[in-house]
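Let the hints inform the model, and build the full structure from the sequences given.
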Amino acid sequence: MKKRLAVLLCVVMMLTLVVGCGGNSSNNEDVIKLGYLGAKTGSVANYGIPAEKGMKLAIEELNENGGVLGKELVGIYEDNKGENSDVAIIVDKYISRDKVAALVGDPCTGLTKVAADLAQKNEIVIFSPGATGDGVVEIGDYVFRNTLLDIFAVPAVVEWMIEEKGWGNMAVITTLDIGYSTDLTPVFKKAIDEKGAKIVFEDTINSGETDFTAQVTKLKNAKADVLVFTGYYTEAALFMNEVKKQNLDIVLVGGDGLYGQDLAKLGQNAVEERVIFYCGFSSDQPSPETAEFLEKYRAKFNEDPDMFSAQYYDAVMILAKAMEDAGSADPKVFRNELAKLKDYPGVSGNTTFREDREPIKSPVCLITIKDGEFTLLEQIDVK
Amino acid sequence: MFWEQLLNGLTLGSTYALIALGYTMVYGIIQLINFAHGEIYMFGAFVGLVLVTVFGLNIIVALVGAMIFCMFLGMLIERIAYRPLRGKSSRLSALISAIGVSIFLSTLMVLIRGPNTTRYPEIIKITTYNIGSISISSLQIIILALATLLMVGLQVMIKKTRVGMAMRACSQDLEASYLMGINVNRVISFTFAVGSALAAAGGVMVGVYYNAVWPYMGLMAGLKAFAAAVLGGIGSIPGAMVGGLTLGVLEIFGVAYLSSSYKDAIAFAILILVLIIRPQGIFGQKKIKKV
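Going line by line, the protein sequences match chains A and B. Residue numbers for the first sequence follow the numbering used here, beginning at 1 and rising by one. Residue numbers for the second sequence follow the numbering used here, beginning at 1 and rising by one.
For the record, the hints were derived by calculation from the structure and aren't laboratory data. Note that this is a predicted model, so its numbers are computed, not measured. All C-beta atoms, glycine included, are put in the ideal place defined by N, C-alpha and C. Treat the hints with care, since some could be wrong.
[Stated by the list, open to error] Straight line, CA to CA, 30 Å or less: simulated DSBU-like cross-link-like pairs of lysine-lysine:
{"no.": "1", "chain 1": "A", "residue 1": "K370", "chain 2": "A", "residue 2": "K218"}
{"no.": "2", "chain 1": "A", "residue 1": "K218", "chain 2": "B", "residue 2": "K125"}
{"no.": "3", "chain 1": "B", "residue 1": "K125", "chain 2": "A", "residue 2": "K265"}
{"no.": "4", "chain 1": "B", "residue 1": "K125", "chain 2": "A", "residue 2": "K223"}
[As the list claims (entries may be wrong)] Per the computed footprint, the stretches of chain A lying under chain B, defined by three or more beta-carbons under 8 Å from a beta-carbon of chain B, are:
{"no.": "5", "region": "195-208"}
{"no.": "6", "region": "212-218"}
{"no.": "7", "region": "238-252"}
{"no.": "8", "region": "259-266"}
[Said to hold, decoys possible] One side of the interface only, derived from the structure: several residues of chain A facing chain B at Cβ under 10 Å:
{"no.": "9", "residue": "I173"}
{"no.": "10", "residue": "T234"}
{"no.": "11", "residue": "N269"}
{"no.": "12", "residue": "A270"}
In structure tokens, the structure reads:
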């Protein structure tokens, strides 16, 4: 009896699957679909959750104004959990079953590359509003991204450090087991070299360490004006705690890997106005476009947007613009318009695609911590 | 710089030594490498944190509180995870049980507190003293003094008290001690309690010293302390102290004069070297097996 019931249940389950598929496969051409890539659960969900909100806001806004090419824009939001295998499955589903016009995502470089390989093979546009690492647009001519790249931001930041602050002698600390850090250090070193500053001290740490006494004692004897720290926020906060304990007076400068609330929580008065990092977005001192976006975002989600929500919002808007300009939602056609993007005034700053499709974004925001909050220190232009 | 780095090394080493003592004491009596010991140290750090931040207790009270909590935790682990296996199954099953407890405790803490690093409040006002070109912080002095006090206390307890004598007897021969009327189970429980209390003290000190605790902090610290215990000669109490201090100093000097990249490698390279050159460790006694 039990066995029969089980068989019956299995059949029912399979039937629902078939029916479910049937419902989805009836593709109508009245809508344009965009596939979201991002994690809503897992270790990188901090990036994916605000990203989804930014994307939803953009799509809602476009549809209120008549959609794109007179058609309704539809977003599909699967959760890739930040896992390579899930990304591959989801991209496959987006392309073969949902027949999306473009993929928006992923915030992470590694996952974007996995998705981009598939998108390129199927000639579907993929637009990553977050991947900052190397080797993304090189995958093919359907691959785009819109985010502040370290290779453009760092020279501007280094110049600011030398010209505005007069920090000529720099110390550089790399987190050895973090790819982000080992990639960013050479970019900084090259810029420091080119701008005529000196590296007086170089050292490494490992993530997950708490004992930085030896490094800080060495640093104290190195007589550096500023500390360039290419790692993530947790180690930066703990490092600055030790700096404070040893009564060393130095400012730490780093990339957007320091953009985590834990920096202020763990560092407290050791990081207060002693840490500066660059990133592509700040909700302080907004441009008119950003101000409007902030207002709408806050009204809808009752919270402040971050860099990822702004860049996902821009990604959808840029894709929509390219489709309108091309008069087609066919990726083969509108990708040509997309590649021509120049001085697009987005909510996350101005974007121009270089010939090789690398985005040049301006301005760079320098953020510091004041009263435990991330505060915009200055905006500098990228040339 | 040399003296400052030496001081940094001794401070780090004294925390290793406190954890290493627990390993070595338990090993000395039941020949078990208690891999859950690092997690007891982690629990000690968190209990101290909760006592300070939630209950607003003074740091010394919190330190004692954490030590008492971990005493019971250590005894509980021994009762649940090791005693039922003792005598009945091979030593290997107890080792695997220890690894299981270790994983259980760290994931339990992730469940309670989340995986992220938590800040330890600045409880002690730090003043820096300058002696010539060397600067010493009051925190380093306190940690060194406290660690020394605990280690001397332990040594006195083992040499001068009845329970210390029972422990020494058990470490020589468990069965003979049992036949002589020593309540072996109680001595083992007591050993776990003392070792765990010392680890908890180490945890609270590390929390205060580095201002940070997180659920996986026990893993690396445990392995390093284990290396320190082997370096000193596992089973030997002075060995664990010397081993811990040596390891801490060597690690800091490695970072200071060689490269930070090899910090963890140094600990384990030393472990391997010792095992090759002097398998019984600095203070260990060569055991001659009689048939």
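Now for the hints, and whether the structure bears them out:
{"no.": "1", "hint": "K370(A) / K218(A)", "in the structure": "holds (28 Å)"}
{"no.": "2", "hint": "K218(A) / K125(B)", "in the structure": "holds (24 Å)"}
{"no.": "3", "hint": "K125(B) / K265(A)", "in the structure": "holds (19 Å)"}
{"no.": "4", "hint": "K125(B) / K223(A)", "in the structure": "holds (27 Å)"}
{"no.": "5", "hint": "195-208", "in the structure": "holds (count 5)"}
{"no.": "6", "hint": "212-218", "in the structure": "holds (count 5)"}
{"no.": "7", "hint": "238-252", "in the structure": "holds (count 6)"}
{"no.": "8", "hint": "259-266", "in the structure": "holds (count 3)"}
{"no.": "9", "hint": "I173", "in the structure": "holds (9 Å)"}
{"no.": "10", "hint": "T234", "in the structure": "holds (5 Å)"}
{"no.": "11", "hint": "N269", "in the structure": "holds (8 Å)"}
{"no.": "12", "hint": "A270", "in the structure": "holds (8 Å)"}
Consistency note: the structure conflicts with none of the earlier hints.
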